[in-house]
Amino acid sequence: MLTYWVSATYANTVNRSTVESDHLEISAQTGESKFWGNVVFESPQYLLYSGYLLVKSQKDDGDRWQVKELHAWDEVRLLYEDKRGFSDELFYYHDEQIIELVGNARLVDNTGSMEAPLITIYEPTGEVVVKGDEHQRIRVIFED
Numbered sequence: 000m001l002t003y004w005v006s007a008t009y010a011n012t013v014n015r016s017t018v019e020s021d022h023l024e025i026s027a028q029t030g031e032s033k034f035w036g037n038v039v040f041e042s043p044q045y046l047l048y049s050g051y052l053l054v055k056s057q058k059d060d061g062d063r064w065q066v067k068e069l070h071a072w073d074e075v076r077l078l079y080e081d082k083r084g085f086s087d088e089l090f091y092y093h094d095e096q097i098i099e100l101v102g103n104a105r106l107v108d109n110t111g112s113m114e115a116p117l118i119t120i121y122e123p124t125g126e127v128v129v130k131g132d133e134h135q136r137i138r139v140i141f142e143d
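In numbering that gives the first Met the number 0, the protein residues as written are 0 to 143.
Hints in this document: simulated from the structure, not taken from any laboratory.
Glycine is no exception: its CB is placed at the ideal position from the N, C-alpha and C atoms.
Certain hints may be false.
The calculated label-pair distances, taken between Cβ atoms and stated as ranges, are [claimed, not checked]:
| # | residue 1 | residue 2 | range |
| --- | --- | --- | --- |
| 1 | D62 | E126 | 43 to 49 angstroms |
| 2 | D62 | H134 | 43 to 49 angstroms |
| 3 | V128 | I25 | 32 to 38 angstroms |
| 4 | H134 | D60 | 43 to 49 angstroms |
| 5 | G50 | R15 | 21 to 27 angstroms |
| 6 | R138 | T29 | 37 to 43 angstroms |
| 7 | Q96 | G50 | 23 to 29 angstroms |
| 8 | R105 | E133 | 15 to 21 angstroms |
| 9 | V128 | E68 | 17 to 23 angstroms |
| 10 | R63 | Y121 | 34 to 40 angstroms |
| 11 | Q57 | E133 | 17 to 23 angstroms |
| 12 | D108 | K33 | 18 to 24 angstroms |
| 13 | T29 | G111 | 28 to 34 angstroms |
| 14 | I137 | L46 | 39 to 45 angstroms |
The calculated lysine-lysine pairs, modelled on DSSO-like cross-linking and capped at a C-alpha distance of 30 angstroms, are [stated by the list, open to error]:
| # | residue 1 | residue 2 |
| --- | --- | --- |
| 15 | K82 | K130 |
| 16 | K67 | K55 |
| 17 | K67 | K33 |
| 18 | K58 | K130 |
| 19 | K58 | K33 |
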C-alpha cells in the first residue's frame with residue numbers, strides 16, 4: 000500500500016490530507032496525481048473511499064502544491080459531518096468549496112435520505128441541491 004501526503008492551504012492555515020491506495024502515478028508537469036486500488040482520502044473535513052481518485056493540484060504563490068480538484072469514481076463513499084454519501088462519481092472543487100455526487104447519488108443523515116442523479120453540497124453554507132433528470136426522478140425520505 001502506498002501513502003501520499005497532500006498539503007492544501009485553507010484560510011492561511013495548512014491542512015494536511017492523506018491518500019492511501021494500491022497504486023500511484025504522479026505528473027509534476029501537470030500537477031495531477033492518479034490513485035487506484037482501494038483508495039482512501041482523508042482530510043480534516045471528510046473521509047472518501049473509492050476505486051480511483053484523480054487529484055489536480057497547482058502551485059500557489061509560495062511555490063507549494065495546493066489541491067484544486069478531486070475526481071473519484073468506482074463505488075464512491077463519502078463521510079462528511081453527519082452525512083454519508085454514495086455515488087458512481089464524486090467531484091470536489093476547492094475554490095468554490097463544492098462537492099458533487101454524480102450518478103446514482105444518495106445522501107443520508109440522521110433526518111432522512113435523498114437519491115438523485117446529482118447531489119451538490121455547498122460547504123460554506125451546508126446547502127444541498129438535488130437534481131433529477133428525464134431518466135431518474137428525485138426521491139427524498141424523511142425520518143420521524
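> In ascending order, which of the hints set out earlier in this document are inconsistent with the structure?
Replying inline: Those not satisfied are hints 1, 10, 11, 12, 13, 14 and 18.
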